[in-house]
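Peer 1: Letter by letter, the chains look like this.
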Amino acid sequence: MTDLHDAPPRDWATEFDHTKEDYAADAPAVWAELRDRCPVAHSDAHGGVWLPTRHEDIAAIAHDTEHFSSEGVIVNIFKPEGLAPMGYAPPITSDPPFHADARRLMLPAFGPKAIAELEEGTRESCRQLLDELLADVTGPDDIVDAATQYAQHIPVRVIADMLGLPKEDGPRFRDFIHRIIEKPGEYSGTLGVEDTLLFYLTNVIVERRNGPPTDDLIGYLLQAEMDGEPLTNEHIFGTIALLIIAGIDTTWSAIGASLWHLAQHPEDRKRLAEDPDVLVFAVEEFLRFYAPVTMARIAAVDTEIGGCPVAERDWVLLPFPAANRDPEAFERADEFVIDRQRNRHLAFGLGIHRCLGSNLARLELTVAVDEWMKRIPDFELADPATVRWSTGQVRGPRELPVRILKTVEA
Amino acid sequence: MRVTLDSEKCQGHGRCYALASNVFDTDDEGYAVLLVDGDGTLAPDQEQAAILAAENCPEYAIEVHPS
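One line per chain: the protein sequences are S and Z, in this order.
Just so you know, we're using this note's numbering here: the first sequence kicks off at 6 and counts up by one.
Just so you know, we're using this note's numbering here: the second sequence kicks off at 30 and counts up by one.
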């Protein structure tokens, strides 16, 4: 937190750095200021990066795979090169036409009907976490951490189960994610080989190839074919890495941000308790208002964003949460409206790269909020100053101490 | 009231299936499938759901027409 207090305020139009605490602490205010003053900002951080903040520009880039490549999706001074069209984590890093086939392989496992079958297991997992969390609570006014004791464990368990990996590996997943997404580039050259995601997954793949076939996503990828050929090792590795990296931090952030909101809004807690039908709309409003994910692209050619010239190979951030708060695109954009009826938010992106796991994320968020509210209908922030928001392209509370005001027996 | 679905625009966000399962189904890959035959004329009990689906489709793939 030091740079919040010691450094002079930045000029967000030219000096933003999305991996620093000052940006993370109140990113919506940064986007609002830029939307009015300099809607396509540029900073020299990370070797140079653009930041559009208007819905119109962000939607246009997401739909424009001709001028904007997905070869790199996490801004890093080490810019991927020569990896197109597959990229290092297909299909999210893939460009057409490779992208369509790589994505089609994964779609059936993540369709709404396949994901609905995970509901009961996910509810059970949430209830178990709540039992453990409340076991230490002896009376009203006790404090628990809704991020580290609840939200962060839910997606880890679901993804580990889908991949067929032990849920005890969860802490290792979180280390990989922290280094890759929250502090990109900072750990380069400082890690032992055995501490890397590459080493972990290489071992998993070798073990699985030598063992019997398994009925999980890793087993599926090892058997899968594209154009009549088995997938390359790079493809299998990249897709598993993607599911670990993209499926955990993101959902954990959405759950945590939603609980952060509810902790401060008794009227919304009351509405959820009294009107269960509002949950489906509340979840979409949580996703709009607290969309965790900012993606990135690399300009494929010299191009422009909203009239601003962008050079081939420039990094471009795609802050979907900024688009979601643009008053040109949403009525009362800066208000959380729990039963918002018209909500075309872009929390999961737009176009061919629409988040593959969106149905799963929605299920996890819905169930996590629902189960929490059933057991802990009343709670508040223990101290707003102790809430810490993550840095980087996935935004959510990493520490979220809340005071329990009321519990209901399971 | 009629509904139309532009399958070229649909990216499988799944909002229509969640909000209007009496008007939309999904295929195995999660893309929307219209359950209304012919020219898309809606039964009275489908109209509100179809409007809700259209107003929540992030890709503007669904349109509801007055007749």
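Hints in this document: simulated from the structure, not taken from any laboratory.
This one's a predicted model, so the numbers in the text were calculated from it and none came from an experiment.
Using N, Cα and C, we set each Cβ at its ideal position, and we do this for glycine too.
One or more of the hints may lead you astray.
Pulled from the structure, derived: some chain S residues nowhere near chain Z, Cβ distances all over 12 angstroms [stated by the list, open to error]: (1) Pro-113; (2) Arg-213; (3) Leu-355.
If you anchor each label on the Cβ, the simulated ranges turn out as follows [to be verified]: (4) Z:Glu-58 - S:Gly-216: 27 to 37 angstroms; (5) Z:Asp-57 - S:Pro-33: 32 to 42 angstroms; (6) Z:Asp-57 - S:Glu-61: 42 to 52 angstroms; (7) Z:Val-62 - S:Pro-33: 51 to 61 angstroms; (8) S:Arg-337 - Z:Glu-58: 40 to 50 angstroms; (9) S:Pro-176 - Z:Ser-50: 31 to 41 angstroms.
Peer 1: Tell me, which hint numbers fail for this structure?
Peer 2: 1, 3, 6, 7 and 8
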